[in-house]
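Use the sequences and the hints to build the structure in full.
From first to last, the protein sequence lines are chains A and B. Note that the working numbering has the first sequence beginning at 1, numbered continuously upward. Note that the working numbering has the second sequence beginning at 304, numbered continuously upward.
These are computed hints drawn from the structure, not numbers from a lab. These figures come from a predicted structure and were not determined experimentally. There is no bait here: all hints are sound.
Estimated spans, in silico, between C-beta atoms of each pair: (1) B/452 <-> A/273: 32 to 38 Å; (2) A/273 <-> B/529: 36 to 42 Å; (3) A/48 <-> B/467: 37 to 43 Å; (4) B/537 <-> A/69: 38 to 44 Å; (5) B/311 <-> A/192: 50 to 56 Å; (6) B/452 <-> A/123: 51 to 57 Å; (7) A/240 <-> B/366: 38 to 44 Å.
From chain B, some residues computed to sit far from chain A (all C-beta separations above 10 Å): (8) 347; (9) 348; (10) 365; (11) 370; (12) 396; (13) 433; (14) 457; (15) 460; (16) 465; (17) 476; (18) 478; (19) 490; (20) 533; (21) 534; (22) 535; (23) 536.
Okay, derived cross-link-like pairs now, EDC-like style, lysine to aspartate or glutamate, Cα gap no bigger than 16 Å in a straight line: (24) B/530 <-> B/464; (25) B/411 <-> B/361; (26) A/275 <-> A/60; (27) A/284 <-> B/525; (28) B/315 <-> A/296; (29) A/190 <-> A/174.
Every residue, glycine too, gets a C-beta built ideally from N, C-alpha and C.
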Amino acid sequence: MQKFMTTMEAVRNDSPTVPPSTVTTELPAVKSTGKTTIDSKKHQTVGDVTASNPVFTVRDCNVYYGEKQALQNVNLDIGRNEVVALIGPSGCGKSTFIRCLNRMNDTIDSARVSGEIKLYGEDIYARDMDVVLLRARVGMVFQKPNPFPKSIYENVAYGPRLHGLSSNRAELDEIVRDSLERAGLWNEVKDRLDDPGTGLSGGQQQRLCIARTIAVNPEVILMDEPCSALDPIATAHIEDLIDELTENYAIAIVTHSMQQAARVSQRTAYFHLGKLIEVDATNKVFTNPGHKLTEDYVTGRFG
Amino acid sequence: MESEQFSRHISKRFNEELEGLRTQVLRMGGMVENQLGNAVEAITTGDSEMGLRVASQDHKVNALEVAIDEECSRVLATRGPAAADLRLVVAVIKVITDLERVGDEAQKIGYLASRLASEQQPHDNYSELRALGEHVQTMLHDTLDAFSRLDSDDALMVVEEDKLVDEAYDQITRQCISLMMEDSRTIRRFMDVTWVARALERIGDHAKNIAEYVIYLVHGRDIRHLKLEQVKEEISG
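Here it is, written out as structure tokens:
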């Protein structure tokens with residue numbers, strides 16, 4: 001049952017049924033964020049929450065699960081061509097935060113989201129926002145690799161085919177090949193594209209899921225602990241891949257490995273009890289953080 | 304920044320390792336201070352034996368440097384320290400390099416003391432060298448103290464002190480030159496005196512370097528090669 005649920009979640013996430021004409025393959029022009037103001041009274045975050053070239057701008061984001069408030073007044077930009085690492089102890093709100101960015105919280109009945117979350121200046125919680133299209137533009141990779149119970153080829157081809165990104169088999173083949181190459185998996189699977197995706201190793205499955213995500217040309221990739229189930233070699237592969245993906249995408253990654261956050265990201269955001277405590281250049285956060293809570297966390301001290 | 308902050312890790316073993324590093328550095332510092340004190344004493348009292356003893360003890364300082372260096376590598380490899388912990392390990396690696404050099408200078412002074420002892424002892428017993436020696440001893444002591452208490456104000460004072468050491472060194476050199484010009488038979492002796500002054504001046508520089516690492520450790524700001532006003536701005540800003 002659990003397996004079925006994750007598969008369904010992935011299907012909902014990655015295989016939107018949208019008319020081809022609405023799929024944007026080019027990045028829209030960046031709109032000015034000059035108008036969005038940050039309420040300084042509520043804004044308790046140390047460091048600079050803005051990015052020079054924002055893809056996502058989040059202002060005053062609050063999330064409740066029933067009575068419980070999971071996020072409090074979070075302001076954060078995610079910039080183009082950058083990796084933002086979200087760190088913090090379990091239950092601090094970091095996963096909740098990235099799940100807001102492609103409206104995954106919609107799938108939880110008790111969840112309530114308020115505040116302003118804009119993707120290239122466009123309110124993603126607006127009434128007329130097509131959630132299915134949104135999830136194609138904002139792809140997600142999960143902690144456990146969750147390939148569809150289909151062939152390797154079909155895993156990657158599924159999204160582009162449903163989006164009508166190709167008009168014939170040759171084009172689809174090209175998309176599949178290109179996505180697998182960019183995910184660093186092509187050489188390992190090119191001779192067995194018809195084998196089931198679930199037969200790959202854990203690390204390969206995770207790269208397959210990344211290939212599946214990038215096959216539909218997203219603008220942002222969200223990663224929720226993508227390496228926590230992988231060995232160090234597979235982890236290194238994924239981290240290299242994240243580096244390369246930065247050329248084309250904005251990436252937000254949730255990780256419990258501080259070393260990983262330090263290695264892959266340019267900016268690091270530290271969450272604590274639903275609040276965004278500090279955001280700054282990763283180098284700064286790991287050598288000389290501005291907030292004591294951040295310092296305690298990155299150095300492994302009692303909070 | 305308080306020193307007990309290195310004992311608040313979730314991992315007790317990590318606390319002990321960092322505390323161990325700090326203790327070892329202070330031990331090495333004490334050893335070097337002692338060497339320097341004896342070397343200066345040997346010069347001013349014309350004690351050849353003491354000078355040679357200082358020179359023969361330097362290997363202990365070297366061994367301690369190697370041991371601390373190894374421990375630092377181990378901590379870096381196994382703990383992946385971050386923030387203040389990382390700065391502590393980096394600062395320790397740098398501090399012990401300077402301490403080891405202070406040890407080398409003390410060794411040099413020891414040798415020079417034994418050579419000078421065979422010459423005629425001046426009636427003022429090299430009072431300028433004693434004054435300079437005491438000055439850099441104080442600096443070394445204060446900088447180690449600032450390291451142990453993570454006191455950046457005291458460290459900054461040591462940085463400022465270095466200018467006085469340089470002035471005193473210039474004065475001794477000038478004095479030596481004029482004495483050598485007066486009587487060329489004293490050249491050999493006053494050359495040695497200049498070398499001692501030079502060694503002491505270098506020790507002042509090392510003490511200053513260590514003080515700069517303390518400021519890095521406390522504030523996370525690298526203040527090397529900055530003017531004093533810039534340093535103060537960096538620290539307050």
